[in-house]
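K.L.:
The chain contents come next:
Protein chains: 2
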Amino acid sequence: MASPASTDASTSSRDKILDTAEPLFARSGFAGVGLREVAEQVGMGKSSLFHHFPSKVQLYVAVLERVFHEFDQRLELRASQDEGPLAQLHGWATVVVGMLAEHPNWAALLLRSLFEGDVIGREDQARIDVIFSRIVARISSALQAGIASNEIRPVSIPHTIQTMVGMTVFHFASGDMGDDLLGEPIYSQPQLQARLSHLHDYIDHALATRPLDSPT
Amino acid sequence: MASPASTDASTSSRDKILDTAEPLFARSGFAGVGLREVAEQVGMGKSSLFHHFPSKVQLYVAVLERVFHEFDQRLELRASQDEGPLAQLHGWATVVVGMLAEHPNWAALLLRSLFEGDVIGREDQARIDVIFSRIVARISSALQAGIASNEIRPVSIPHTIQTMVGMTVFHFASGDMGDDLLGEPIYSQPQLQARLSHLHDYIDHALATRPLDSPT
DNA sequence: GTCTATACACCGATAGAC
DNA sequence: GTCTATCGGTGTATAGAC
Chain A
0 MASPASTDAS
10 TSSRDKILDT
20 AEPLFARSGF
30 AGVGLREVAE
40 QVGMGKSSLF
50 HHFPSKVQLY
60 VAVLERVFHE
70 FDQRLELRAS
80 QDEGPLAQLH
90 GWATVVVGML
100 AEHPNWAALL
110 LRSLFEGDVI
120 GREDQARIDV
130 IFSRIVARIS
140 SALQAGIASN
150 EIRPVSIPHT
160 IQTMVGMTVF
170 HFASGDMGDD
180 LLGEPIYSQP
190 QLQARLSHLH
200 DYIDHALATR
210 PLDSPT
Chain B
0 MASPASTDAS
10 TSSRDKILDT
20 AEPLFARSGF
30 AGVGLREVAE
40 QVGMGKSSLF
50 HHFPSKVQLY
60 VAVLERVFHE
70 FDQRLELRAS
80 QDEGPLAQLH
90 GWATVVVGML
100 AEHPNWAALL
110 LRSLFEGDVI
120 GREDQARIDV
130 IFSRIVARIS
140 SALQAGIASN
150 EIRPVSIPHT
160 IQTMVGMTVF
170 HFASGDMGDD
180 LLGEPIYSQP
190 QLQARLSHLH
200 DYIDHALATR
210 PLDSPT
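These protein sequence lines are chains A and B, in that order. The letter at position 198 of the first sequence is residue 197 when you use numbering that gives the first Met the number 0, and the numbering goes up by one with no holes. The letter at position 26 of the second sequence is residue 25 when you use numbering that gives the first Met the number 0, and the numbering goes up by one with no holes.
Every clue listed holds true.
Copies of the same chain look alike in the list, so a pair counts if it works inside one copy or between any two.
Restricting the straight-line Cα-Cα distance to at most 25 Å, the calculated cross-link-like pairs of lysine to any residue (SDA-like) are:
id, residue 1, residue 2
1, K55, D175
2, K55, V118
3, K55, M176
4, K55, R26
Hints were generated in silico from the structure; no laboratory data involved.
Required output: the full structure, derived from the provided sequences and hints.
P.N.:
Okay, here's the thing in C-alpha cells:
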C-alpha cells in the first residue's frame with residue numbers, strides 16, 4: 000500500500016535501491032553496509048548506484064528521510080481528529096505501533112539515527128531534525144494541554160517524551176533480546192497487541208491523573 | 000575494587016586498550032571503528048593490538064564483557080540489602096543512573112549490544128546473554144514479588160522490563176537528540192537528577208498500587 | 001542508465017626482527 | 001611486548017565505453 004509507484008507495480012531504480020538499502024542499514028548501520036552488498040541485492044553493478052545517489056552518505060540520508068517523512072505524516076494525519084490529550088496520546092500510540100509493525104526495519108533505523116550522531120553531514124541532519132522536532136512538538140503540546148486541564152499529572156514533558164520514544168522505538172528495535180525477553184517474537188500478533196496495551200496502560204496510569212486524586 | 004591495578008596508577012596494556020576502545024565502539028559501533036584508530040589513541044602500532052587480543056571481534060567482546068560484568072555486580076550488590084520490591088526497584092534505579100552517569104560510554108555500548116545482533120560469535124554472545132539474563136531475572140523477581148504482595152499492579156513483567164531498560168539505557172544513549180530535547184546535557188547534574196526522579200515517579204505511579212487502592 | 005576497469009586508501013591479520 | 005613490513009581483500013568513488 001501507498002509506498003513506491005502509485006498505480007502500477009513498476010518501481011523506479013531509485014526506489015528499488017532505497018528499498019534494498021533500508022533493511023541493510025537497519026541491521027548493520029551505516030558503517031556496516033558495503034555498497035557492493037547493496038548493488039548485489041538490487042541486481043546492478045556497484046558503480047550504477049552512483050548514478051542515483053552521489054555518495055553512500057546521501058543514500059543513507061535518503062533512506063532516513065523517507066522514513067521520517069512518512070512517520071511524521073501518519074502522526075499528523077491522526078492529529079487532525081481533535082480529541083482530548085489523553086485520547087490523542089492513545090491514538091498516536093496505536094498509529095506508531097501500527098507503523099512499526101508494518102515496517103519492521105524502521106525501529107532499528109530510527110533508533111540508530113537518534114543515537115548515532117556523527118555519520119550524517121550538518122545540513123542533512125538539520126533537515127531530519129526539523130521533522131523530528133515537529134513530532135516532538137506535537138506530543139509536547141498534547142502533554143502540556145493535558146497538564147493544563149488537569150487530565151495529566153504534572154510530569155516532566157521532555158523526560159516523558161524520552162520515555163515514550165524508548166517504549167516504542169527501543170522496544171521494536173530490540174531484536175533477539177526482545178524476543179527472548181517476551182518468549183515470543185516482538186512482531187508476532189499477540190506481542191504487538193501486548194505492547195499496545197502496555198502503552199495504553201502507561202498513559203492511563205503513569206500520565207493520567209487518577210479520578211481519586213482529582214481535587215474536589 | 001577488582002578491576003585493573005589495585006593500589007597504584009599503572010595500568011596494564013590490555014586495560015589501556017580496553018579503555019581506549021570502549022568510547023570508540025560506543026560512538027561508532029563495531030564496524031565503524033578501525034584498529035588503526037584504536038592503536039593510534041593507545042599509542043602503539045596496529046599490530047601490537049594482536050598481541051593482546053586475537054582479533055577485532057575479541058577486543059569488542061572484551062569491552063562488552065567488562066561492562067556487563069560490572070553492571071551485574073553493582074546491581075547484585077544493591078540487591079543484597081533485602082527490602083520490599085518497590086524499595087528494591089528504587090534502589091536499582093539509583094544505582095543504574097549512577098553507573099551510567101559515571102561511565103557515559105556505557106549506555107550507547109549497552110544499547111548497541113542489545114539491538115545489534117550479528118556481530119559477535121555465538122559462544123561469546125551466549126556468555127553475555129547469561130549476564131544479561133541474570134539482571135533480567137532479578138528485576139523480574141522483584142516485580143513478581145511486588146505483584147504477589149499487591150504492592151505492584153499486575154503489569155506484564157517482560158514489557159515492564161523492556162520499558163525500564165528503555166527508560167535508562169536508551170535515555171542515556173540518546174546523545175545530541177536527548178540534549179536537544181531536554182535543553183541541557185543529559186549528563187549534566189540537574190538532568191541526571193531529573194531522570195532519576197522521573198524513574199522514581201514511574202515506579203510510584205505506573206507500577207505501585209496506590210495507597211488508596213491497597214487493602215487494609 | 002548500466003556496464004567494465006581502475007584508482008587509491010584502508011581494512012584486519014600475519015611474519016619476523018629486535 | 002612492540003616494532004616494521006607486508007599480505008590479500010574490500011572500501012568508496014571516478015572515468016569512460018556502450
